[in-house]
Amino acid sequence: MITAGIDLGTGAVKAVLFKHENGKTEWLGKRNHRIRQRDPLELCAQAYDQLLAEHGLSRDDVTYCATTGEGENIDFRTGHFYSMTTHARGAIYLDPDTTSVLDMGALHGRAVKTDSMGKVLNYRMTSQCASGSGQFLENISRYLGIAQDEIGPLSKEADDPEVVSSICAVLAETDVINMVSRGISAPNILKGIHLSMAGRLAKLLRVIKATDGVCLCTGGLALDSGMIDALNESLDKMKLKVEARAHEDSPYAGAIGAALWGAYRHQKLQQQEALAQAS
Amino acid sequence: MSTAEIIKRCEELYEDTHFTAAREWKAADPSRRVIGYMPVYVPREIMHAANMLSLGILGGGDKLEVIHGDAYYQSYICRIPRSTIELGKSGRLDFVDGMLFPSICDVIRNLSGMWKLMFPSSYVRYFDVPQNYKDDVGGNYYVAELQELREGLEKLSGNKITDEALRNSIAIYNINRALIRELYDLRAEMPHNVSSNDVYLLNRAGMVLPVEEHNEILREYMDKAAQQDNPVRDNCRIIINGSFCEQPPLNLIRSVEMAGCYIVDDDYMLINRWLLNEVPVDGDPLENLAKAFLHESADSAAKYCDREEDVGQYLLSTVRERRAEGVIFAAPSFCDPALLERPMLTERMKEHEIPHISFKYAENSGQMQPIREQAGTFADSIKLWS
Chain A
1 MITAGIDLGT GAVKAVLFKH ENGKTEWLGK RNHRIRQRDP LELCAQAYDQ
51 LLAEHGLSRD DVTYCATTGE GENIDFRTGH FYSMTTHARG AIYLDPDTTS
101 VLDMGALHGR AVKTDSMGKV LNYRMTSQCA SGSGQFLENI SRYLGIAQDE
151 IGPLSKEADD PEVVSSICAV LAETDVINMV SRGISAPNIL KGIHLSMAGR
201 LAKLLRVIKA TDGVCLCTGG LALDSGMIDA LNESLDKMKL KVEARAHEDS
251 PYAGAIGAAL WGAYRHQKLQ QQEALAQAS
Chain B
1001 MSTAEIIKRC EELYEDTHFT AAREWKAADP SRRVIGYMPV YVPREIMHAA
1051 NMLSLGILGG GDKLEVIHGD AYYQSYICRI PRSTIELGKS GRLDFVDGML
1101 FPSICDVIRN LSGMWKLMFP SSYVRYFDVP QNYKDDVGGN YYVAELQELR
1151 EGLEKLSGNK ITDEALRNSI AIYNINRALI RELYDLRAEM PHNVSSNDVY
1201 LLNRAGMVLP VEEHNEILRE YMDKAAQQDN PVRDNCRIII NGSFCEQPPL
1251 NLIRSVEMAG CYIVDDDYML INRWLLNEVP VDGDPLENLA KAFLHESADS
1301 AAKYCDREED VGQYLLSTVR ERRAEGVIFA APSFCDPALL ERPMLTERMK
1351 EHEIPHISFK YAENSGQMQP IREQAGTFAD SIKLWS
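Line by line, the protein sequences are chains A and B.
Residue numbers for the first sequence follow our numbering, so the first one is 1 and each next one is one higher.
Residue numbers for the second sequence follow our numbering, so the first one is 1001 and each next one is one higher.
Since the hints were derived computationally from the structure, they do not count as laboratory data.
It is possible that part of the hints are untrue.
[As the list claims (entries may be wrong)] Label-pair ranges, simulated between beta-carbon atoms:
id: 1; chain 1: B; residue 1: D1223; chain 2: A; residue 2: D75; range: 22 to 32 Å
id: 2; chain 1: A; residue 1: S58; chain 2: B; residue 2: N1168; range: 52 to 62 Å
id: 3; chain 1: B; residue 1: E1212; chain 2: A; residue 2: G56; range: 40 to 50 Å
[Said to hold, decoys possible] No more than 25 Å apart at the CA atoms, straight line, and that leaves these computed lysine-lysine pairs for BS3-like:
id: 4; chain 1: B; residue 1: K1063; chain 2: B; residue 2: K1089
id: 5; chain 1: B; residue 1: K1116; chain 2: B; residue 2: K1155
id: 6; chain 1: A; residue 1: K156; chain 2: A; residue 2: K24
id: 7; chain 1: A; residue 1: K30; chain 2: A; residue 2: K19
id: 8; chain 1: A; residue 1: K268; chain 2: B; residue 2: K1160
id: 9; chain 1: A; residue 1: K119; chain 2: B; residue 2: K1116
[Stated by the list, open to error] Covered, in the sense of this in silico footprint (three residues per stretch, anywhere, with C-beta under 8 Å from a C-beta of chain A), are these stretches of chain B:
id: 10; stretch: 1035-1042
id: 11; stretch: 1254-1264
Don't be surprised by glycine CBs; every beta carbon is placed ideally from N, CA and C.
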């Protein structure tokens, strides 16, 4: 059985393929397309078809195509799962020690407490204010003329981080402009932003009572090593016995979770003799 | 017409807060009269027999800006009476010859009194229904109520409402109810072909169109919808409960569907399905209507239930009949009947291990993200853990 997971995020489309045979699960492939002002639904179809073609498959070979994120409108889906459900499952797949998840996407931050099966026990989201999001960090790095993959290493070089507003992106951007004019170094600015965002996310973990164990960071921001360090600092400061970790495939956690839940759901429906048909 | 064209027409009717279709119906013949009514139920057969159009007034929806209406109510009152006053004060109901205010709650009862003061030339009636279901008590009372309504409408129209005309109207509404039942059955059977958006708009069309035209629309839609071949999604089957009076915005219904739920039953516009079976056309028509109300009518929080153990039984039987996997209690903010009954209903659901969630809305609710999130996570929990 082949299942697919498509995570339509605010900044990127992630698609994965899984093969399930004799109780074993094999991850066949993945694709990550930045949206960059393109039609997200068309991009999903494109990513999905390219991924299938890479593995000599067609849509008809897929038993269950599961969407997540903003993918409710993808017309070729079999079913849709919500982000907290899929990120929890994806995180358990990537790191079985996971007890909580921080989904750090382009627009939202989301904390999820999970059990070892990927069942969501509790969750909270940040408000829609962009100062807690990857999009904000991306904007700032562009203003500072820093490439995205340089953000993490530079942040780690900070010796005296400057704190920015953690409430509002507009105020935070003003803070950054002031810092630049005051001659604050880029590492200290970036670290300040990381700490500000990390503080908000750590509070979310405390709210959902994820106070110990491993927290796997997912979403695009999880690959920012400076952010992970800042998060661990914030967790320490808040006396939470949580270890924040990232996985190289963290951005795919939602899509992975969708594909795995799709397989689970298919088997469940098969037992109930009530299969949905993938179009 | 295709199903899309039918639904487009229904949506135009739904969005028209000036009730152009009803105005045109009335303008076509000077002897015609229009009687407005509020949820949940009035016997439309009596208006029909008097050559009147019964016009469902379900508030102003999310497009109407309420200015006058807010001045009449405290902040802890629901929105439907405010927007109904707005409809009246803004002249949108100036062609309506009378208004019926059924027994839903104190707010609507008070609205009937306010309407009398605001529109003294209009025929206004608070339409009470029995709270005793014995034929010789509640039945006699209800027949007398129906007779008073009949006489009031005769006076308004200047026409005698004969038993024969009433029997004919009962027969036509029997067809309408049968078609609506068929529509609900069809949706429960193939929700991928018959969306809740469509069912809702088809029901709404019945609020403003003559019943004969509504019957034609329903027939045509079902003929076409049954032949469609839309993909079956892996959605869960849920029932919406608590939305019998103030209506949710259409976007809310769409959001629940989009979040992965097939709505297989609901209590929107219960008037279309209030009488559960065919009303006999032989014999005394008012007695037949009264018996149908007493013994074969739907249930809602707005209907008095004289035995506590019976509360929720109707919902439970609907869950079983529709093979629903969960219930979403969606009630308007400050809706006393729905919100007071909700704890009893949720208790029933717990007793029978039926998954359920609750939220509130107003007819002008605009933020659908929290609704999508709630309905979506509910759908996930049913699909994966139920």
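Hint by hint, here is what the structure shows:
1. B:D1223 <-> A:D75: 22 to 32 Å: Taking Cβ atoms as reference, D1223 (chain B) and D75 (chain A) lie about 25 Å apart, which means the hint holds.
2. A:S58 <-> B:N1168: 52 to 62 Å: At 59 Å between Cβs, range holds.
3. B:E1212 <-> A:G56: 40 to 50 Å: violated (59 Å)
4. B:K1063 <-> B:K1089: Holds. K1063 (chain B) to K1089 (chain B) sits at ~16 Å (cutoff 25 Å).
5. B:K1116 <-> B:K1155: Given pair K1116 (chain B), K1155 (chain B) holds - Cα atoms ~17 Å apart, limit 25 Å.
6. A:K156 <-> A:K24: violated (40 Å)
7. A:K30 <-> A:K19: With Cα atoms ~13 Å apart, K30 (chain A) and K19 (chain A) stay inside 25 Å; holds.
8. A:K268 <-> B:K1160: violated (62 Å)
9. A:K119 <-> B:K1116: violated (57 Å)
10. 1035-1042: violated (count 0)
11. 1254-1264: Three-residue rule met by the stretch 1254-1264 of chain B, so holds; n is 3.
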